[in-house]
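Going by this note's numbering, the final residue of the sequence shown carries number 351, and the count climbs one at a time with no gaps.
To be clear, the hints were calculated from the coordinates, so they are not data collected in a lab.
The beta-carbon is built from N, C-alpha and C at its ideal position, and this holds for glycine as well.
Treat the hints with caution; some may be incorrect.
[To be verified] Taking CB as the label site, the calculated pair distances span: (1) 269 to 104: 33 to 41 Å; (2) 125 to 273: 35 to 43 Å; (3) 236 to 125: 31 to 39 Å; (4) 284 to 147: 38 to 46 Å; (5) 135 to 277: 43 to 51 Å; (6) 265 to 147: 28 to 36 Å; (7) 186 to 136: 26 to 34 Å; (8) 115 to 218: 28 to 36 Å; (9) 168 to 265: 29 to 37 Å; (10) 134 to 265: 44 to 52 Å; (11) 251 to 276: 31 to 39 Å.
[Unchecked claim] Straight-line C-alpha distance at most 25 Å; calculated DSS-like pairs for lysine-lysine: (12) 283 to 262; (13) 146 to 130; (14) 272 to 283; (15) 121 to 146; (16) 295 to 170; (17) 130 to 101; (18) 295 to 262; (19) 121 to 110; (20) 170 to 135; (21) 146 to 295; (22) 170 to 262; (23) 135 to 146.
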Amino acid sequence: MHCDQVSKDRQIENFVKPYEMCCTPYYKLDFSEVTRKLCRDKNSRNEIVANLKVCKIIIVGDVSVGKTSIVNRFCRKMFDSSYKSTIGVDFEMECFEILGIPYNLQIWDTAGQERFKSIAQSYYRNSHVVVVVFDLSKSETLSNTRKWFLDAMHTCGDMLPYVFLVGTKKDLLGGFAYKNAELSAVNVAKSINAEYWPVSSKNGENIDSLFARIAVLTFDDCVKNELLRPREIYIGSNMISGKANRSDSKKNSKCTKC
Numbered sequence: 094m095h096c097d098q099v100s101k102d103r104q105i106e107n108f109v110k111p112y113e114m115c116c117t118p119y120y121k122l123d124f125s126e127v128t129r130k131l132c133r134d135k136n137s138r139n140e141i142v143a144n145l146k147v148c149k150i151i152i153v154g155d156v157s158v159g160k161t162s163i164v165n166r167f168c169r170k171m172f173d174s175s176y177k178s179t180i181g182v183d184f185e186m187e188c189f190e191i192l193g194i195p196y197n198l199q200i201w202d203t204a205g206q207e208r209f210k211s212i213a214q215s216y217y218r219n220s221h222v223v224v225v226v227f228d229l230s231k232s233e234t235l236s237n238t239r240k241w242f243l244d245a246m247h248t249c250g251d252m253l254p255y256v257f258l259v260g261t262k263k264d265l266l267g268g269f270a271y272k273n274a275e276l277s278a279v280n281v282a283k284s285i286n287a288e289y290w291p292v293s294s295k296n297g298e299n300i301d302s303l304f305a306r307i308a309v310l311t312f313d314d315c316v317k318n319e320l321l322r323p324r325e326i327y328i329g330s331n332m333i334s335g336k337a338n339r340s341d342s343k344k345n346s347k348c349t350k351c
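Sequences and hints are given; from them, build the entire structure.
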């Protein structure tokens, strides 16, 4: 997908913030200087476009919690109240333009039924992002998110993915019921080191922001990894392999809002 095909709502120049700072273990609030510099430089931009990898996202969770509805709302701007369970695995490809660079999300929507579990797990490997979904109106689906999280992390391979805990059907709750459900969700998110988002596929609340947040986090990492990966330079018949000795310092951040 070319840049001229990306809609304006998918063109990102400013870093997307989390739902709440107290609901995330990822304190990154802006693109790194390295990323901004590379995206401004014409030669670097061409190299990034040629080598930037697709971001692989897997969406897991109990049957009927709304995984497919999230994907349909984001990809097709639609909501279908008639429920049809996913058989095996479906996937969608969506494109952003971040700092002028085209960036693709490959979204894998997995089945929640036990009989499809082994099929779905075969697609978990090398995922950059794990989205664990539960139904805010059904507390038992939140309890089951730990199992889905552990299954995904066990199968993802050597990569350490970003993890998002997403509560669906926010439009069904209000007042004390919602506050109580969100408090429980935030506690679970902290226990599995995930970023929490409440969404509604019916009215679209937070859906676009969730995927934009995923896009900027992974894009920043992908661009830096492209810069820092080992390079091989051929001179005559000799091969010189150079490895960049750079590392990003992690900044500790404390959240006191909650």
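Structure-based check of each hint:
1. For residue 269 paired with residue 104, a C-beta distance near 39 Å keeps the hint of 33 to 41 Å intact.
2. A hinted range of 35 to 43 Å for the beta carbons of residue 125 and residue 273 is consistent with their spacing of about 38 Å.
3. In this structure, residue 236 and residue 125 meet the distance hint of 31 to 39 Å, their C-beta atoms being roughly 37 Å apart.
4. A beta carbon spacing of about 30 Å between residue 284 and residue 147 contradicts the range 38 to 46 Å that was offered as a hint.
5. Roughly 50 Å separates the CB atoms of residue 135 and residue 277, a value that falls within the hinted 43 to 51 Å.
6. Between residue 265 and residue 147 the beta carbons are some 34 Å apart, a value that agrees with the proposed interval 28 to 36 Å.
7. For residue 186 and residue 136, the hinted distance range of 26 to 34 Å is satisfied, since their beta carbons lie about 28 Å from each other.
8. In this structure the supplied range 28 to 36 Å holds for residue 115 paired with residue 218, their Cβ-Cβ distance being about 32 Å.
9. Our hint of 29 to 37 Å for residue 168 and residue 265 is violated, since their Cβ atoms are close to 23 Å apart.
10. Checking the proposed 44 to 52 Å range against residue 134 and residue 265 shows it holds: the Cβ atoms sit about 48 Å from each other.
11. One distance hint, 31 to 39 Å for the beta-carbon pair residue 251 and residue 276, holds here, with the actual separation near 34 Å.
12. A C-alpha spacing of about 21 Å is found between residue 283 and residue 262, which places the hinted pair at or below 25 Å, so the restraint holds.
13. Taking the CA atoms of residue 146 and residue 130, the gap is about 19 Å. The hint holds against a cut of 25 Å.
14. Of the pairs offered as hints, the one joining residue 272 and residue 283 holds, with about 17 Å between alpha carbons and a cut-off of 25 Å not exceeded.
15. Taken as a hint, the residue 121 and residue 146 pair is honoured in the structure, with Cα atoms around 21 Å apart against an allowance of 25 Å.
16. Our distance criterion of 25 Å between C-alpha atoms is met by residue 295 and residue 170, whose separation comes to about 10 Å.
17. For the proposed pair residue 130 and residue 101, the alpha carbon gap of about 23 Å is at most 25 Å, so the pair holds.
18. In summary, the hint linking residue 295 to residue 262 is supported, as the alpha carbons are separated by about 7 Å, within the 25 Å threshold.
19. Under the criterion of a C-alpha separation no larger than 25 Å, the hint pairing residue 121 with residue 110 is consistent with the structure, at around 8 Å.
20. The straight-line distance between the Cα atoms of residue 170 and residue 135 is roughly 34 Å, outside the 25 Å bound, and the hint therefore fails.
21. Of the pairs offered as hints, the one joining residue 146 and residue 295 is violated, with about 32 Å between alpha carbons and a cut-off of 25 Å exceeded.
22. This hinted pair checks out: residue 170 and residue 262 have alpha carbons roughly 16 Å apart, not beyond 25 Å.
23. With a C-alpha separation of about 19 Å, the suggested pairing of residue 135 with residue 146 holds against the 25 Å cut-off.
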